[in-house]
Structure formats: structure tokens, C-alpha cells
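**Student:** Single-letter residue listing:
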Amino acid sequence: MSGVRVLVGTRKGAFILTSDERRKDWHVCGPHFAGWEMYHLKGSPVDLNRLFASQTSGWFGQTMQRSDDGGHTWEPIGNQFTYDGIPSTHQWYDGTQHPWEFARVWHLEPSLSDPETVYAGVEDAALFRSSDGGQSWHELSALREVKSNLWQPGAGGMCLHTIVLDPNDPDRIVVAISAAGAFRTDDGGQTWVPINRGLQSPYELPDPDADVGHCVHSVAMHPSRPNVLFMQKHWDVMRSDDAGESWHEVSGNLPSDFGFPIAVHAHEPETVYVVPIKSDSEHFPPDGKLRVYRSRTGGHEWEALTDGLPQADCYVNILRDAMAVDSLDSCGVYFGTTGGQVYASSDSGDTWAPIVRDLPAVLSVEVQTLP
Amino acid sequence: MIRVRLPQHLRTLARADREVALEVDGPVTQSAILDALEAAYPMLRGTIRDNVTRQRRPLVRFFAIQQDLSHEPPDAPLPEAVATGAEPFLIVGAMAGG
Numbered sequence: 000m001s002g003v004r005v006l007v008g009t010r011k012g013a014f015i016l017t018s019d020e021r022r023k024d025w026h027v028c029g030p031h032f033a034g035w036e037m038y039h040l041k042g043s044p045v046d047l048n049r050l051f052a053s054q055t056s057g058w059f060g061q062t063m064q065r066s067d068d069g070g071h072t073w074e075p076i077g078n079q080f081t082y083d084g085i086p087s088t089h090q091w092y093d094g095t096q097h098p099w100e101f102a103r104v105w106h107l108e109p110s111l112s113d114p115e116t117v118y119a120g121v122e123d124a125a126l127f128r129s130s131d132g133g134q135s136w137h138e139l140s141a142l143r144e145v146k147s148n149l150w151q152p153g154a155g156g157m158c159l160h161t162i163v164l165d166p167n168d169p170d171r172i173v174v175a176i177s178a179a180g181a182f183r184t185d186d187g188g189q190t191w192v193p194i195n196r197g198l199q200s201p202y203e204l205p206d207p208d209a210d211v212g213h214c215v216h217s218v219a220m221h222p223s224r225p226n227v228l229f230m231q232k233h234w235d236v237m238r239s240d241d242a243g244e245s246w247h248e249v250s251g252n253l254p255s256d257f258g259f260p261i262a263v264h265a266h267e268p269e270t271v272y273v274v275p276i277k278s279d280s281e282h283f284p285p286d287g288k289l290r291v292y293r294s295r296t297g298g299h300e301w302e303a304l305t306d307g308l309p310q311a312d313c314y315v316n317i318l319r320d321a322m323a324v325d326s327l328d329s330c331g332v333y334f335g336t337t338g339g340q341v342y343a344s345s346d347s348g349d350t351w352a353p354i355v356r357d358l359p360a361v362l363s364v365e366v367q368t369l370p
Numbered sequence: 000m001i002r003v004r005l006p007q008h009l010r011t012l013a014r015a016d017r018e019v020a021l022e023v024d025g026p027v028t029q030s031a032i033l034d035a036l037e038a039a040y041p042m043l044r045g046t047i048r049d050n051v052t053r054q055r056r057p058l059v060r061f062f063a064i065q066q067d068l069s070h071e072p073p074d075a076p077l078p079e080a081v082a083t084g085a086e087p088f089l090i091v092g093a094m095a096g097g
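Protein sequence lines correspond, in order, to chains A and B. Note that the first sequence covers residues 0 to 370 in numbering that gives the first Met the number 0. Note that the second sequence covers residues 0 to 97 in numbering that gives the first Met the number 0.
These are calculated hints, taken from the structure and not from any lab test. Treat the hints with care, as some may be off.
As the list claims (entries may be wrong) - Mimicking SDA-like on lysine to any residue, the simulated pairs with C-alpha atoms at most 20 Å apart in a straight line are:
(1) A:K11 / B:P6
(2) A:K11 / B:A93
(3) A:K11 / B:Q65
(4) A:K11 / B:R10
(5) A:K23 / A:G307
(6) A:K11 / B:M94
(7) A:K277 / A:A360
(8) A:K23 / A:G2
Work out the full structure, taking the sequences as your base and the hints as a guide.
**Tutor:** Encoded structure:
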């Protein structure tokens with residue numbers, strides 16, 4: 000019988016939630032790495048039992064973990080992230096130039112074809128790759144040659160938080176950085192271009208349509224159409240039909256176009272999910288109502304999904320890596336909140352129920368569909 | 000043997016007991032102890048001192064014989080009681096929070 004495995008990273012440990020294909024009854028396992036900040040866990044699509052995890056601590060820094068048995072046991076792997084060459088500088092809060100300093104791993108993206116290869120997006124923003132199952136890491140440093148002196152940290156730090164791999168072209172990677180924008184390589188990381196044309200940041204940048212500097216929050220893609228990208232920006236929900244060469248706004252009738260995560264339905268490439276947040280200074284849902292919004296038209300027209308979600312006095316946030324979909328026949332959608340709830344829908348978002356209600360603040364949610 | 004006491008999170012990470020015993024060649028200094036500790040427990044690399052700069056992480060402290068040795072030079076000899084194993088060298092997560 001098929002099922003799902005939901006990988007949840009929280010401020011104080013990792014949890015693994017499993018269910019069968021009905022997704023009604025759940026088994027909760029954890030906390031793994033109790034007391035550590037688990038920024039992100041993700042499984043290899045090639046070997047479903049191979050999981051990678053980013054484990055951090057304000058005291059003890061960055062460590063990394065790998066499981067080869069679906070999360071039952073874990074082994075520490077390499078945690079040395081050394082910037083290539085002499086670290087360059089980026090813009091600091093006071094306008095001066097500040098050298099790159101490694102802080103933590105925000106996002107892990109296992110290769111679509113090789114279980115030994117995994118990418119890591121880190122703060123200060125850079126992309127690393129491991130080709131030995133996470134034992135050693137090497138920076139794809141050409142990314143930092145793209146006007147990086149103009150990149151600057153947002154409130155959450157200057158992090159590379161999104162890595163989108165093209166299923167048709169292993170040399171094409173899209174990444175996103177706060178607050179620098181989106182970037183793409185078509186040659187496996189040897190060269191990169193900014194892909195921010197069409198983004199508008201009138202409240203955040205002196206030049207509202209600058210090449211770099213935009214605060215991209217997340218980017219999603221449906222594997223059947225790699226050239227179509229959806230973006231949740233600081234403000235604005237955006238769409239590109241040409242692999243990021245140009246973007247246009249599809250916020251439409253959303254009650255707020257501020258938010259963090261964005262996801263695409265597993266079987267309907269034009270069905271997109273966002274969770275509107277009131278504003279950049281009020282990180283909670285508008286009107287205290289937790290609503291996922293779904294567009295079945297690739298943007299512009301959005302419907303509120305509320306059945307099973309709190310519709311009063313709800314003031315949680317949903318972070319950028321905290322929403323995911325499974326690929327069962329009836330697509331499941333999952334998200335976690337800073338209030339420690341993980342909600343699941345087994346019917347594409349029509350109805351929701353909490354899997355757990357009282358975890359530490361949820362940093363990330365990923366889903367594996369099991370055979 | 001040098002006795003080194005680990006904080007809880009590093010004990011868990013290293014799957015080690017509260018106190019580990021280490022053989023240290025040459026003068027017993029903070030650097031020599033940490034080199035021996037990281038050789039015995041490679042997963043602790045980067046958790047006590049930075050992987051690149053080798054500097055003590057800001058929220059890690061070194062105590063021994065009721066003294067805070069955190070700000071002593073890393074290559075300065077440690078007190079005799081630590082060098083002989085009479086007293087443990089304590090690696091401590093600093094107080095943080097409120």
C-alpha cells in the first residue's frame with residue numbers, strides 16, 4: 000500500500016509523520032535531534048530512504064545529518080562549507096561592504112538522478128554541491144559573481160533558500176536569495192544570470208525594477224513544464240513562462256499578495272497554492288483567518304480554502320519552506336505554522352485537518368510519496 | 000589521560016558519555032585538547048570552534064578548576080590539574096536567552 004512521509008523541521012527538532020494513502024491516521028515520530036534547529040529535511044527522489052537534514056544551533060553552529068533508512072537512524076555528514084577563493088563582500092546594513100560569512104544551511108535539494116549528489120543553499124548566500132552523499136561540499140562560486148556587491152541581507156539574513164532543479168536538463172538550476180533575487184544557470188553552475196525582469200519592488204528598492212536586490216521568498220515549478228515558474232515575492236505573486244527571463248504579476252484577487260511559500264499541484268500544472276500574510280511587518284494571516292488560496296488558472300483568479308482551518312483569532316506565520324505537495328492520485332497538500340501545527344489536505348486543498356497541533360515552530364515541511 | 004566533559008547536545012551528536020578521556024601529545028593546551036577531541040569524534044568539527052577560522056564559537060565556554068579559561072590563548076598551557084587528568088576540562092554552552 001502506498002503512503003506518505005512528511006518531513007518536518009522545527010525550531011527544536013525534527014519530526015517524521017507517516018500515513019497510508021488515505022492520509023487520515025498518522026504516526027508521529029520525533030523529536031529527532033531534540034533541541035536543535037532543524038532548518039530543512041529532504042529526501043532523495045532516487046532513493047526514498049536517503050534523507051538529508053540541516054541541523055543548526057546558536058551555540059554549536061552547523062552540523063549535517065543523513066539517514067539511509069527513511070529517518071529511523073541518522074549519521075553526521077560533512078559540515079564544512081568553505082567559500083571558494085577569497086570571500087567577496089556584499090552590502091551591509093549600514094551601506095558598507097561586508098565579507099561573506101557562513102551562518103547556516105537553509106535548504107537542501109537532492110539531485111533528481113543521483114543519490115550521491117545534493118545541493119545546499121546557505122547563508123551568507125551561496126550554493127554548495129556534494130557529490131559524495133554529503134561528506135564534502137564545494138561551492139558553485141560563479142553565482143557570487145553576479146553583482147553580489149549589491150546583494151544585502153533582509154531581516155531573516157542573506158540566505159539562499161530556494162533551489163529548483165530542471166527535470167529535463169541537469170545543467171539548469173534556478174535559485175533564489177533574500178534579498179538579491181532569482182538566478183539561473185544553464186551550464187551546471189559555471190555561469191549564472193539574474194532572472195528578475197518584471198519584478199517590481201517600489202517599497203524596498205530605489206530602482207524598483209533593478210537587476211538584483213529583490214526579495215524573492217520562494218519559487219515553484221511543475222516538473223512537466225520546467226519553463227513555467229511561480230514566485231512568491233516579498234510582495235506580489237509572479238509567474239514566468241520563459242524560465243525566468245521575464246515575470247508578470249498574477250496576484251489577482253488575493254487578499255494580500257505578501258507571503259512566503261508557493262506550491263504547485265502534483266498533477267495540475269496550472270493549480271497553484273499560496274498562503275497570504277497580512278504584510279511584511281505583520282506576519283500573520285489577514286483578519287486572523289488562516290486561508291490557503293488556490294488558483295486553478297495559473298494565477299490571477301484565486302479561491303480561499305478554509306474548510307478545517309481556523310477562521311478566527313489565528314496569528315501564525317507559514318515560512319517559505321513549510322508547504323509541500325505529495326503525488327498520490329488525489330494530490331495532498333501540507334503546510335506547517337510557526338504555532339507548531341502541521342495541516343494536511345488529501346483532496347487538493349478542499350478540506351484540511353491538523354496532523355499535529357503542538358510542535359515547536361515549524362521551519363520546513365517536505366513530503367515523500369512512498370510506493 | 001585528559002578528561003573532557005561535553006555539553007549535552009555535543010554528547011548526543013558524538014554519541015559519547017558525559018566525560019571522554021583523550022590522549023594528548025605534547026603540551027596540554029586548548030588547541031591540543033580540541034585537536035584530539037575532533038580526531039576522536041570527527042562529527043564535533045565545527046561545533047566548538049569555527050571550521051575555517053579555528054576560533055572558539057562565541058557561545059562556547061571552556062572551564063576548569065572553577066576558572067573560565069575561554070579567553071586564554073588557545074596555545075597556552077592549561078593548569079597542571081587538567082594536564083594530569085586530576086580535573087576535567089569542561090566545554091560548556093554559554094548562558095543565552097532570558
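**Student:** Look at each hint and say if it fits the structure.
**Tutor:** Structure-based check of all given hints:
1. A:K11 / B:P6: holds, 17 Å
2. A:K11 / B:A93: holds, 18 Å
3. A:K11 / B:Q65: violated, 31 Å
4. A:K11 / B:R10: Given that 20 Å is the threshold and the Cα spacing comes to 17 Å, the pair holds.
5. A:K23 / A:G307: holds, 13 Å
6. A:K11 / B:M94: Judged against 20 Å, a Cα distance of about 17 Å means the pair holds.
7. A:K277 / A:A360: Roughly 19 Å separates the two Cα atoms, so the pair holds.
8. A:K23 / A:G2: holds, 11 Å
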